[in-house]
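Participant: Work out the full structure: start from the sequences and follow the hints.
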Amino acid sequence: MRIGGKTWHRDLPWIVAMVLLAVVASGFYLAEYLAAGRLPGGSSRTGFVCGVIAGGIVVFELLLWPRRRVRSWRLGSAQAWLRAHVWLGLLALPLALMHARLLFIGGWLNWALMALFLAVIVSGIWGLAVQQWIPGWMLEQVPAETIYEQIDHVAAQHCREAERLVRGMCVADSAEQGGEHGGDDATADSGDHAVITGLRSMTGIQGKVLQVVQIHAVIPGTAAVRRMFFDEVKPYLLDGRRSGSSLASRATSVRLFAALRGSSPTEAAVVIDHLERTCDIRRQFDLQARLHGWLHGWLLVHVPLSVALGVLLAIHVPVALWYW
Amino acid sequence: MAGPDPSPSPSTAPETSRGHASRIDRLYYTRTAPLLRVQGRLTFLAFVAALGWSAWALTDKSRQLAPGAVVAAHATWENDCQACHVPLSPIREGGWQEQVIAGSATHPAKCEKCHTLASHSLRQVPAEVGSCSSCHVDHRGREADISRVADTTCTACHGDISTHSIAAAGEPTAVLPSVTRFDADHHPPFQSLAADPGRVKFSHGRHLRAGLTLSAGGGADKVAWTYDRLPAADRSRYLPAGVSETDLVQLDCATCHQFASDLPLDVSLRDLRPVSALLAGRAPGAIALPVEFERHCSACHQLPADAGTSADALADAGTAADTSADADTSAATRADAGTAADTSVGPSQLPHGLDAGAIRRYLETRAVAALHAPLEGVIPGERRPLPVAHVPEPPRDAASLDEVSVGVDARRLLVRGVCEKCHQVDPVTLAAEGSLVAALAGDRAPQEGWFGVGPSRIKVLWLEKARFDHSAHRSWSCRECHAGAYPPALPPADVLASSPLDHGQVLIAGMESCLGCHAPRQRDAASGREFGGARFDCVECHGYHGHGHLPPLPVAP
Numbered sequence: 000m001r002i003g004g005k006t007w008h009r010d011l012p013w014i015v016a017m018v019l020l021a022v023v024a025s026g027f028y029l030a031e032y033l034a035a036g037r038l039p040g041g042s043s044r045t046g047f048v049c050g051v052i053a054g055g056i057v058v059f060e061l062l063l064w065p066r067r068r069v070r071s072w073r074l075g076s077a078q079a080w081l082r083a084h085v086w087l088g089l090l091a092l093p094l095a096l097m098h099a100r101l102l103f104i105g106g107w108l109n110w111a112l113m114a115l116f117l118a119v120i121v122s123g124i125w126g127l128a129v130q131q132w133i134p135g136w137m138l139e140q141v142p143a144e145t146i147y148e149q150i151d152h153v154a155a156q157h158c159r160e161a162e163r164l165v166r167g168m169c170v171a172d173s174a175e176q177g178g179e180h181g182g183d184d185a186t187a188d189s190g191d192h193a194v195i196t197g198l199r200s201m202t203g204i205q206g207k208v209l210q211v212v213q214i215h216a217v218i219p220g221t222a223a224v225r226r227m228f229f230d231e232v233k234p235y236l237l238d239g240r241r242s243g244s245s246l247a248s249r250a251t252s253v254r255l256f257a258a259l260r261g262s263s264p265t266e267a268a269v270v271i272d273h274l275e276r277t278c279d280i281r282r283q284f285d286l287q288a289r290l291h292g293w294l295h296g297w298l299l300v301h302v303p304l305s306v307a308l309g310v311l312l313a314i315h316v317p318v319a320l321w322y323w
Numbered sequence: 000m001a002g003p004d005p006s007p008s009p010s011t012a013p014e015t016s017r018g019h020a021s022r023i024d025r026l027y028y029t030r031t032a033p034l035l036r037v038q039g040r041l042t043f044l045a046f047v048a049a050l051g052w053s054a055w056a057l058t059d060k061s062r063q064l065a066p067g068a069v070v071a072a073h074a075t076w077e078n079d080c081q082a083c084h085v086p087l088s089p090i091r092e093g094g095w096q097e098q099v100i101a102g103s104a105t106h107p108a109k110c111e112k113c114h115t116l117a118s119h120s121l122r123q124v125p126a127e128v129g130s131c132s133s134c135h136v137d138h139r140g141r142e143a144d145i146s147r148v149a150d151t152t153c154t155a156c157h158g159d160i161s162t163h164s165i166a167a168a169g170e171p172t173a174v175l176p177s178v179t180r181f182d183a184d185h186h187p188p189f190q191s192l193a194a195d196p197g198r199v200k201f202s203h204g205r206h207l208r209a210g211l212t213l214s215a216g217g218g219a220d221k222v223a224w225t226y227d228r229l230p231a232a233d234r235s236r237y238l239p240a241g242v243s244e245t246d247l248v249q250l251d252c253a254t255c256h257q258f259a260s261d262l263p264l265d266v267s268l269r270d271l272r273p274v275s276a277l278l279a280g281r282a283p284g285a286i287a288l289p290v291e292f293e294r295h296c297s298a299c300h301q302l303p304a305d306a307g308t309s310a311d312a313l314a315d316a317g318t319a320a321d322t323s324a325d326a327d328t329s330a331a332t333r334a335d336a337g338t339a340a341d342t343s344v345g346p347s348q349l350p351h352g353l354d355a356g357a358i359r360r361y362l363e364t365r366a367v368a369a370l371h372a373p374l375e376g377v378i379p380g381e382r383r384p385l386p387v388a389h390v391p392e393p394p395r396d397a398a399s400l401d402e403v404s405v406g407v408d409a410r411r412l413l414v415r416g417v418c419e420k421c422h423q424v425d426p427v428t429l430a431a432e433g434s435l436v437a438a439l440a441g442d443r444a445p446q447e448g449w450f451g452v453g454p455s456r457i458k459v460l461w462l463e464k465a466r467f468d469h470s471a472h473r474s475w476s477c478r479e480c481h482a483g484a485y486p487p488a489l490p491p492a493d494v495l496a497s498s499p500l501d502h503g504q505v506l507i508a509g510m511e512s513c514l515g516c517h518a519p520r521q522r523d524a525a526s527g528r529e530f531g532g533a534r535f536d537c538v539e540c541h542g543y544h545g546h547g548h549l550p551p552l553p554v555a556p
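Protein sequence lines correspond, in order, to chains A and L.
Last residue of the first sequence? That's 323 in numbering that gives the first Met the number 0, and every number before it is there in order.
Last residue of the second sequence? That's 556 in numbering that gives the first Met the number 0, and every number before it is there in order.
If you're looking for bench data, these hints aren't it; they were derived computationally from the structure.
For glycine and all other residues, C-beta sits at the position ideal for the given N, C-alpha and C.
Treat the hints with caution; some may be incorrect.
Said to hold, decoys possible - Simulated coverage check for chain A against chain L, where a stretch passes if three residues somewhere in it have a Cβ under 8 Å from a Cβ of chain L:
#1 31-44
#2 105-115
#3 140-151
#4 296-305
Stated by the list, open to error - Cβ-Cβ distance ranges computed for the label pairs, FRET-style:
#5 A282(L) <-> G55(A): 51 to 57 Å
#6 I14(A) <-> T31(L): 32 to 38 Å
#7 T31(L) <-> K207(A): 24 to 30 Å
#8 G36(A) <-> G527(L): 29 to 35 Å
#9 G55(A) <-> A74(L): 33 to 39 Å
#10 A48(L) <-> R289(A): 28 to 34 Å
#11 W110(A) <-> A71(L): 21 to 27 Å
#12 V124(L) <-> I14(A): 45 to 51 Å
#13 L57(L) <-> W136(A): 44 to 50 Å
To be verified - If you want the ones that stay clear, here's a sample from chain L, every Cβ over 10 Å from chain A, calculated:
#14 H73
#15 I160
#16 Y226
#17 R236
#18 H300
#19 A438
Facilitator: Take a look at the structure:
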């Protein structure tokens with residue numbers, strides 16, 4: 000969730016309300032501390048109220064998961080739920096601390112509960128922080144962005160397009176006839192064109208476009224292009240960084256394709272340019288995958304610990320009421 | 000050979016829509032993304048782990064559920080929560096759950112199964128009496144001192160005591176000073192030190208002078224005391240190591256103000272006066288034991304009951320008395336002693352602590368025994384002789400009865416003078432019953448001229464509402480807090496004037512002597528000296544329990 004910008008007018012009331020509630024609760028807590036001479040604990044008036052509110056907030060936070068699973072429920076917009084999730088979660092932190100006597104607590108269950116709570120809060124804050132910067136950065140750095148789950152599928156599509164172009168326009172090395180690089184030209188386009196993916200920039204907006212390349216005849220002297228495609232480009236397009244290809248480095252890629260361009264006929268430039276652009280898109284996909292990991296990896300901590308927090312909270316409440 | 004057109008151009012034979020559609024995996028959302036798959040597995044593991052931890056928690060309550068270990072005294076019930084807690088009932092009041100949950104209340108009865116304590120004060124507002132745990136918070140570790148409660152538990156009422164106290168039955172509402180902390184501005188002076196009710200004539204200054212004389216080289220009855228003049232049985236107790244027996248006696252505070260921890264191991268409890276319950280409840284070195292005549296005075300202050308006491312002893316008695324009594328009284332004693340000398344029958348010491356009737360019986364016994372002289376000392380070794388024990392056959396003839404009466408009168412004058420050296424003596428009229436002489440003479444009339452010694456009223460426990468431990472302050476000189484008890488550095492001739500009787504004066508310094516240490520650590524602006532730092536919270540000196548009546552002991556079911 001992005002805070003500020005166009006949605007600032009929606010975040011501001013939450014921020015004001017959260018700060019006010021935290022200040023009011025802290026005021027009551029301070030007053031009770033001064034009156035009692037010791038830090039009020041969970042069973043004190045202020046501590047108990049804070050605990051009840053914080054517990055209710057935790058339950059509400061956990062409801063975000065079923066709310067997302069059942070999108071058909073008309074219980075407010077997802078954005079409103081997320082906004083409440085964020086701000087109420089932050090409000091729960093001071094309330095829980097006051098309930099827990101500012102961490103001067105004992106008992107392993109209490110400590111486990113508080114440790115989980117703090118871990119959930121910290122991971123949530125981390126997630127909120129990365130969501131402020133990474134999406135914008137991704138928009139700039141990954142104009143070829145696709146759906147994360149589609150990366151392998153799209154990369155394979157690009158690989159097929161490139162292979163079709165290479166097979167249609169590059170000379171098959173005689174020594175490689177029947178080999179892995181050219182023996183089977185079944186994928187070669189039998190027609191006079193190939194559809195390829197390109198990037199187009201217009202008035203500051205970048206995006207993928209489909210292009211059609213006409214294939215008239217095989218270009219002599221392009222065996223090296225074909226060889227490079229099968230040796231370097233294709234494994235990289237299919238597996239990205241996992242392939243260990245040197246094309247994962249932009250500098251190396253530029254150097255390799257520049258060398259290839261220099262050793263190939265001018266007519267092969269269209270093929271070489273396309274292969275270089277496709278490798279560039281693949282590198283963007285790699286970057287997107289990494290950014291996706293940063294953008295959503297915190298959920299690997301946040302969600303499981305939230306569930307554990309809910310379980311321990313369900314034990315803490317009756318136990319605290321039983322032996323308060 | 001014609002080459003291909005190198006520039007891409009819009010297709011003249013574009014892909015079909017099906018071809019475009021195939022570029023997207025339309026069923027991708029039906030597959031779980033790897034990240035979500037890992038997240039789901041981790042979530043399941045976390046759920047199971049949390050359930051496992053919860054199950055463990057319910058079987059190991061002391062470590063898992065309790066906020067901390069209970070104090071060592073409660074460790075037996077460490078894992079038995081309901082030994083102290085009542086389910087769904089708060090252990091201390093003050094929470095709003097009392098108004099929310101019906102029947103919710105504190106349950107001090109669980110504490111009172113073991114702890115039977117007196118109430119705090121009859122003036123306490125009953126509704127404001129908290130539960131045990133409202134002050135004593137457990138689960139703060141084995142070594143926690145749950146009796147060291149926060150000042151606010153006291154100042155909640157004592158900060159504005161007038162609104163938190165009620166008049167006891169039959170008593171007017173007293174205006175009590177409020178207390179908010181221990182310093183000169185927020186704590187009243189020690190009321191227990193307002194006055195000394197003691198009635199024994201005494202001067203600390205004179206007793207602390209070497210030789211204990213009123214004047215240097217005075218008359219025969221004012222010879223300076225040396226250790227060899229003390230009875231042999233007592234000499235070793237007073238003679239310091241390395242001091243000659245011919246040296247002047249030099250007493251110090253510890254000579255009379257002894258602590259249980261100072262007593263030699265061979266002292267029998269029978270030799271000690273019964274110690275009050277207040278002393279018994281304190282540490283051995285906390286409060287000085289009561290000063291006793293037999294242990295602390297009799298070595299110098301003998302109590303002649305007969306003028307037949309040796310001249311030296313009588314002179315000693317007179318001299319020693321002079322150190323503690325007014326000169327006029329001393330003179331009267333010597334005159335009485337001279338009168339009684341005519342009926343001397345042998346040395347005798349009046350047992351200390353007799354009441355008027357017992358004195359009469361003792362003197363009558365001595366007078367009767369004088370007719371059968373020579374007579375051994377009467378009931379030696381007994382401090383409370385039976386009134387008629389070992390009495391010889393009493394006389395029956397009138398002449399002998401007259402002689403006995405004269406002897407009794409003479410001894411009575413002597414003894415009265417001896418008692419008056421130190422005590423305030425009150426005239427008493429005794430009934431004839433119990434008088435040996437009256438019974439023999441058939442006289443039933445009340446007997447005038449007898450006297451009784453009032454209670455000494457020497458305070459054993461000065462700070463009645465607070466604790467003080469002398470042993471904790473042993474690194475300080477006695478003079479730090481009892482400077483008034485020391486004699487001024489003046490010539491011996493001026494001792495009498497400079498060391499008057501001080502039994503009406505309180506010789507204990509007040510709160511100001513405490514504040515030098517029992518205050519926050521701070522620096523004196525004038526001298527730059529740092530002071531303070533010792534504890535000064537309420538419970539450092541005061542206790543909450545024990546100023547009321549004890550409830551009856553609980554009866555085991």
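Participant: Hints first: check each against the structure and report whether it holds.
Facilitator: Hints and how they fare:
1. 31-44: holds (count 8)
2. 105-115: holds (count 6)
3. 140-151: Held - the segment 140-151 of chain A has 4 residues with a Cβ nearer than 8 Å to chain L, which meets the minimum of three.
4. 296-305: holds (count 6)
5. A282(L) <-> G55(A): 51 to 57 Å: 53 Å Cβ-Cβ, so the 51 to 57 Å window holds.
6. I14(A) <-> T31(L): 32 to 38 Å: Taking Cβ atoms as reference, I14(A) and T31(L) lie about 36 Å apart, which means the hint holds.
7. T31(L) <-> K207(A): 24 to 30 Å: Check passed, 26 Å falls within 24 to 30 Å.
8. G36(A) <-> G527(L): 29 to 35 Å: Check passed, 32 Å falls within 29 to 35 Å.
9. G55(A) <-> A74(L): 33 to 39 Å: holds (37 Å)
10. A48(L) <-> R289(A): 28 to 34 Å: holds (30 Å)
11. W110(A) <-> A71(L): 21 to 27 Å: holds (23 Å)
12. V124(L) <-> I14(A): 45 to 51 Å: Roughly 46 Å apart at Cβ, these two residues keep to the hinted range, so it holds.
13. L57(L) <-> W136(A): 44 to 50 Å: holds (48 Å)
14. H73: holds (14 Å)
15. I160: At about 17 Å from chain A, I160(L) clears the 10 Å cut-off, so the statement holds.
16. Y226: holds (57 Å)
17. R236: Per Cβ check, R236(L) is outside 10 Å of chain A; nearest 50 Å; holds.
18. H300: H300(L) clear of chain A: closest Cβ-Cβ about 53 Å, beyond 10 Å.
19. A438: holds (71 Å)
When the structure is compared with the earlier hints, no violation turns up for any of them.
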